[in-house]
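Asker: Sequence:
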Amino acid sequence: MKITKILLLFLLSPSLFAGSINNKNFGNVRVTEVTSIYDGDTFRVNIAEYPSIIGERIPIRINGIDTPELRGKCKQEKILARKAKQVTVNILRNAKVIELRNMHRGKYFRIVADVYVDGKSVAKELVKRDLAVIYHGHKKSNWCK
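According to mature numbering (1 follows the signal peptide of the UniProt record, and there is no 0), the sequence shown holds residues -18 to -1, 1 to 127 in order.
Just to be clear, a hint being listed does not mean it is correct.
The calculated EDC-like cross-link candidates involving lysine to aspartate or glutamate, where the alpha carbons are at most 16 Å apart (straight line), are [unchecked claim]:
hint, residue 1, residue 2
1, Lys122, Glu107
2, Lys78, Asp100
3, Lys60, Asp100
4, Lys65, Asp100
5, Lys60, Asp112
6, Lys65, Glu81
7, Lys65, Asp112
8, Lys127, Asp21
9, Lys122, Glu51
10, Lys6, Asp112
11, Lys127, Glu51
12, Lys122, Glu31
13, Lys121, Glu51
14, Lys127, Glu107
Computed beta-carbon distance windows for the label pairs [as the list claims (entries may be wrong)]:
hint, residue 1, residue 2, range
15, Ser34, Lys122, 12 to 22 Å
16, Arg83, Gly119, 16 to 26 Å
17, Arg12, Cys56, 32 to 42 Å
Keep in mind that the hints were calculated from the coordinates and are not lab data. Note that the coordinates shown come from a computational prediction; the quantities given were computed from them, not determined experimentally. Cβ coordinates follow ideal geometry from the N, Cα and C atoms, glycine included.
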């Protein structure tokens, strides 16, 4: 009986912790290099202080916002998506310091983080320019209205 309980605990423990990894905060880190920018809220970076296997070309999604999609549903969304991407490109390429704060794992193995450039929030800048909306996992915004 005791062996059965231990075996059951051993088998269930990975599934108990798997769900919590998405809610875990992995702290803050400085970006060494931006390697590519996909759209207004998603890009890839190198982080020198992490081993290469996890610190090179790691996908990042800006926490708490949603930008229009480049492959959007209408012409207006695609135009806004290109503008959002260009603003993100300009902000990241001209940065002296890029920080990822409050990092956690999101969908698709991306790191979701509050992104700060030279001490200023990239998310707030995109929202201020009407190129992003506040987003916390609910229904996405309709950019075609």
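Asker: Each hint should be assessed against the structure and marked as holding or not.
Answerer: Now the hints, each set against the structure:
1. Lys122 to Glu107: Violated, because 19 Å separates the two Cα atoms, which is more than 16 Å.
2. Lys78 to Asp100: 6 Å, holds
3. Lys60 to Asp100: 29 Å, violated
4. Lys65 to Asp100: 21 Å, violated
5. Lys60 to Asp112: 14 Å, holds
6. Lys65 to Glu81: 23 Å, violated
7. Lys65 to Asp112: Distance of about 10 Å is within 16 Å: holds.
8. Lys127 to Asp21: 21 Å, violated
9. Lys122 to Glu51: The hint holds at about 11 Å.
10. Lys6 to Asp112: The hint is violated at about 30 Å.
11. Lys127 to Glu51: Given pair lysine 127, glutamate 51 holds - Cα atoms ~14 Å apart, limit 16 Å.
12. Lys122 to Glu31: Judged against 16 Å, a Cα distance of about 34 Å means the pair is violated.
13. Lys121 to Glu51: 14 Å, holds
14. Lys127 to Glu107: The given pair, whose Cα atoms are some 22 Å apart, is violated under the 16 Å limit.
15. Ser34 to Lys122: 12 to 22 Å: 34 Å, violated
16. Arg83 to Gly119: 16 to 26 Å: Holds, since arginine 83 and glycine 119 (Cβ atoms, about 19 Å apart) stay within the stated range.
17. Arg12 to Cys56: 32 to 42 Å: 38 Å, holds
When each numbered hint is compared with the structure, violations occur for hints 1, 3, 4, 6, 8, 10, 12, 14 and 15.
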